[in-house]
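2 protein chains.
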Amino acid sequence: MPVFASDMLSSVAYAPDEILLALSLTTLVSITAAPWIGIAVGAVILVIVACYRLNVRAYPSGGGDYEVASKNLGSKAGLIVAAALLVDYVLTLAVSMTVFAAYITTAFPLLAPYRVPVAIVGIVVISLLGLRGSRARPVLLAIPTYLFLGAVFLTMIVGLVMVALGDVPQAETADYTIVHDAVTNQATLGLATVLIVLRAFSSGSVALAGVQTVATAVPAFEKPRGKNAGNTLVLSGFLAAIMLTGLTYLASVTGVKYVDDPHLYLVRADGSPVSAEYEQEPVLGQLAHTIFADTPIMFFIVVLVAALVLIVAANTAVEGFPGLASRLARDGFLPRQLASKGDRLTFSNGILLLAVAAIVLVIATRASATTLIQLYLVGVFASFVVGQLGMVLHWNKRLRLVIDPKARLRMRVNRLINGAGCIIAAGVLIVVIVSKFLAGAWIAVAAMAVLFIVMGAIHRHYARVASELAPDAEIDSRTIPSNTHAIVVVNDINKPTLRALAYARVTRSSQLEAVTVAVDEEAAEKLQRRWNEMELPVPLTVLASPYRELVRPLLAHVFAIRRRSPRDLVIVYIPQYIVGRWWEHILHNQVAIKLRTRLLLVPNVVVVSVPWRLRSFSRQHRGNGPDSELPLYGQV
Amino acid sequence: MPVFASDMLSSVAYAPDEILLALSLTTLVSITAAPWIGIAVGAVILVIVACYRLNVRAYPSGGGDYEVASKNLGSKAGLIVAAALLVDYVLTLAVSMTVFAAYITTAFPLLAPYRVPVAIVGIVVISLLGLRGSRARPVLLAIPTYLFLGAVFLTMIVGLVMVALGDVPQAETADYTIVHDAVTNQATLGLATVLIVLRAFSSGSVALAGVQTVATAVPAFEKPRGKNAGNTLVLSGFLAAIMLTGLTYLASVTGVKYVDDPHLYLVRADGSPVSAEYEQEPVLGQLAHTIFADTPIMFFIVVLVAALVLIVAANTAVEGFPGLASRLARDGFLPRQLASKGDRLTFSNGILLLAVAAIVLVIATRASATTLIQLYLVGVFASFVVGQLGMVLHWNKRLRLVIDPKARLRMRVNRLINGAGCIIAAGVLIVVIVSKFLAGAWIAVAAMAVLFIVMGAIHRHYARVASELAPDAEIDSRTIPSNTHAIVVVNDINKPTLRALAYARVTRSSQLEAVTVAVDEEAAEKLQRRWNEMELPVPLTVLASPYRELVRPLLAHVFAIRRRSPRDLVIVYIPQYIVGRWWEHILHNQVAIKLRTRLLLVPNVVVVSVPWRLRSFSRQHRGNGPDSELPLYGQV
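If you read the sequences in order, they're chains A and B.
The first sequence begins at 1 in UniProt numbering and counts up one residue at a time.
The second sequence begins at 1 in UniProt numbering and counts up one residue at a time.
No lab work stands behind these hints, which were simulated from the structure alone.
All figures in this text were calculated on a predicted structure; none of them were measured in a lab.
Wrong hints could be hidden among the right ones.
No copy is singled out in the list; a pair is fine if it fits within one copy or between any two copies.
What the hints assert, rightly or not - With a straight-line cut-off of 25 angstroms between C-alpha atoms, the simulated SDA-like cross-links for lysine to any residue are:
#1 LYS406 <-> GLY166
#2 LYS397 <-> LEU149
#3 LYS223 <-> VAL506
#4 LYS594 <-> VAL579
#5 LYS526 <-> GLY332
#6 LYS526 <-> SER75
#7 LYS495 <-> GLU277
#8 LYS406 <-> ARG564
#9 LYS227 <-> SER348
#10 LYS223 <-> ASN396
#11 LYS526 <-> PHE452
#12 LYS526 <-> VAL465
#13 LYS526 <-> GLU468
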């Protein structure tokens, strides 16, 4: 539980802030409404968690909403979810690290002017860890989650006991007053307030972002996977709901204020603005400050543990990304090479893109968690809506097949739960898009649209190629060429050349010749003399090269062979050096690579790369090379 | 003559300027000394030209000083010359385009503030022409040279006739006075003056820069090449010497002034400084202005023709560069792929480097021809010194073999000529380095040193690899593997796979199997079923991949084969797609490339790339592809 739930639980570190912030925008609803909104969000969490408990049991392969949507609503819907999920990964990273930076600067106010750099450094470090590819041990990831749970519950319990004893502590910001932008029309004010309450509710729903993480991590659970994942969901849902309600209640009774820009919207009790140095702490930080006023060390512990759990949440995004990419690649929505998860190199590119996108977002929003969370909500709830709709159809399908009335009843209930989840998610999505479209939600929508289009195009491309390559008239592709004509490209008489000759001879072609291009006439003559002296068992053809070219005369030679016997297979053996240092690539193989590229364009020609490992390579890879215990050919 | 001499003749457009400029630095020697220095430089030109007439006759293969030094003084000396020549190519381009910019801004004073950009645009355009690879027609290049010769001689003759008739025109700058930096000590002044006269002489020697161009262009001459090149040298040497002497004489009688910075060092007759807008014209421009005072169109013609011939000279550098690079590459001093001159791609990189270096120099010196020429002189005369020294040794060697007294006398005379050339060149080199080391000559020396070291390292690397690869114990490299084990990598049953199977079957290996990696278990099962249904004549091995990897299971399979039969040759057939659009590379072949790279590291394994040309490729290359008239395999 602690590993996959970190994403969900860590949202407690910023969801209350968003609720208070949204409420700070209106005069009509007191800040004391916060706990009610907290309860509402908590209820939503429970509904959605109940939904996903069904999801993961029905689709325990880790495909999450993507699989649900693809299987029940078609590949277009799956693609929408895929786009939303990709956006989510970027935003999990960006939001976690932005909030992380807020906590770090709360603990160390000296860093306050460097929130953006702190967030960026966080993203870079997390990505580098991801790029190294060594997954952190689950235990290591579990500790911060448990610490965070402990710290938050301790804060809550101490706070609630104080309140119960009638000794209600007052937050530093309790005396401050929130200044509001003047709203002239009372009617608009009313409408605006409704919208604001809805926004407070929807913003708080960011606590749900982590549900998806659990849903896609099902295969990593112990068996029975679906059930265990479902239980994890329910447990962490409960915990998150309790913490959210408790924290918003405490914030409201201790008078915590949280606004968009404290220097604009907060004034002291005497009406003077807050000092220029005032830095607003996150709600959890303010609560810890207030409740543990006598033991400041506790404030530090709470804040640092929150920062820690946010790192774990961000790490989940980086580590989870290859899984989604791999699935999308296998379904042909992303480049095929991403399908093999073990391939570090290709995933590096993916993680790099992820990190760059997150950094761009952090810079563009100047590390404003509030803005980023609006984008985040779009992605998260878009996939909820589609996924839950898919589940409703899933139950409809299943209902058609089942006649046992008890099972039917259970399925009807499930359908109701999923339907409710779908409607609630749709509600949140609409509120976010309506209230925040121009303020940033459009970015998430646009990013999803672009991903949708690009992935669709990739899918169509693969489909087109697959149909192009389908073996239709079987005769044509099973015919075997009548003869083979082997050519060994020779530049010099050395071990790689002799090896290429030996290999060419062992494959027993109908015809075999060695070919050299006389780029330097003198050298070519010398080569021919030595060739005869050594009595090599293969005839050598010397091609003239009036313009000191190497590739063109060889191509012309191959064309000539093809013209003479168009049905033959031409096999060109090219010796290639395996080098040990990067700069040796500049000095070796360049001509071989060029030759190979050009020859592959000629029909009925295959190119055989005969490797020779230079000593510099063997030295670099001594003992740890692939297969290094095996004797080299020639040393046997 | 006109094509290769453009470099040498065009130097007349800036050599007189450098003489006047150097002389402007002292009060002791009148500017009337200029013609004498012109005559001295002219005499040097004739000596050096006489030297190189011998060079090109003795070494008509176009190696120039590089060949002379390598053959007579050893490869280290050859390397010094090579480094010097490479620096020269950069500076020919930089100097020509800097002076070009000076002439262009003389013709169009509006462009005066943009001399640096004009020079850079010039370099870029010339390089782009060079990159296009279509060499300009000789006739096209000859016209500017003839025009320039005509324009300069016309100016000289008209000027000289005027002087002879006693009607000496006065230059605009004749009334101006040169202000000197105060020198307190009379003794230093004397010494400084000697140095300045020497510098005037050495700066004027830049007129010799073009000699090398002719020497390396010998193979392009008609037969007898050496003789024709020698005659060209002598003819253009005479022309350059005459023009230089004539122009410096005219400059001195018409009172032309040329200083480093007119706003610092020039005052009007009444002692007031020159106006802020005053732009100093090159000497040739000032002369044309003065002599054709009545027909301003002639001034334009002279200036534009000079600009034109400088373009031709710069073009010579860009076009000549591949020749030198090719020779250095064949001798193992530069990456081997440069040896084939016809390879446009690799030479593009060379020309790009050439252009970038020239642009950097132009920017660093703010398009100061005077500074660049000092660098230029270092390279030019360094190669002269080494080359002539090599020629002296050449004659010594020859003298040991010849007994005919007449021939011996001729050789002795030749040796004397080359010796004189060597001493004169060394003198100029010493003057330049002594007087200008800190002012910029160190850059040329440092660049030469770096090139010397890098090319030496490349040479040593190739030598080391060659000795490593020399077929010593012939048995080991001629042994033929006992058996072949062919593997066809299968991802899907499609045309490329079937073709790879067909090709693998035709090479008749001892063992043949198709191998697929079950990255996706479902897909692998489906593949196996279809394989059996189609009754393909090759057994299919399915490799498990618990971590959804593709490369590692295949490598493990190959290792297992190698362990079972270490003396077998393993041939891996990998289908590869030939795509038509750049972005298709992202979607195809990435796994194949990775697999190929890893397999090539395994001993006794060769990789066969079996190409399949996608329709997108065929569409792109319809009709103009290589070999496109030939039927594709399977369409026969």
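So, going through the hints one by one against the coordinates:
Taking CA atoms no more than 25 angstroms apart as the test, LYS406 paired with GLY166 passes in neither setting, with 51 angstroms inside one copy and 127 angstroms between copies. For the homomeric pair LYS397 and LEU149, neither the shortest alpha-carbon distance inside one copy (40 angstroms) nor that between copies (92 angstroms) is at most 25 angstroms. With identical chains, the CA atoms of LYS223 and VAL506 are never at most 25 angstroms apart, being 53 angstroms at best within one copy and 49 angstroms at best between copies. In this assembly of identical chains, LYS594 and VAL579 lie within 25 angstroms of each other by CA distance both inside one copy and across copies; the values are 17 angstroms within and 16 angstroms between.
Within a single copy, LYS526 and GLY332 get their C-alpha atoms only as close as 54 angstroms, which misses the 25 angstroms cut-off; across copies the closest is 17 angstroms, which meets it. Taking the closest pair of Cα atoms, LYS526 and SER75 come within 25 angstroms of each other only across two copies (21 angstroms); inside a single copy the shortest separation is 65 angstroms, beyond that limit. For the identical chains of this complex, LYS495 and GLU277 are neighbours neither inside a copy (74 angstroms) nor across copies (70 angstroms), given an alpha-carbon limit of 25 angstroms. Taking the closest pair of Cα atoms, LYS406 and ARG564 never come within 25 angstroms of each other, the shortest separation being 78 angstroms inside a single copy and 60 angstroms across copies.
For the homomeric pair LYS227 and SER348, neither the shortest alpha-carbon distance inside one copy (33 angstroms) nor that between copies (63 angstroms) is at most 25 angstroms. For the identical chains of this complex, LYS223 and ASN396 are neighbours neither inside a copy (27 angstroms) nor across copies (92 angstroms), given an alpha-carbon limit of 25 angstroms. In the homo-oligomer, the alpha carbons of LYS526 and PHE452 never lie at most 25 angstroms apart, since the shortest distance is 62 angstroms inside one protomer and 29 angstroms across protomers. For the homomeric pair LYS526 and VAL465, the shortest alpha-carbon distance between copies (19 angstroms) is at most 25 angstroms, but the shortest distance inside one copy (49 angstroms) is not.
Within a single copy, LYS526 and GLU468 get their C-alpha atoms only as close as 49 angstroms, which misses the 25 angstroms cut-off; across copies the closest is 20 angstroms, which meets it.
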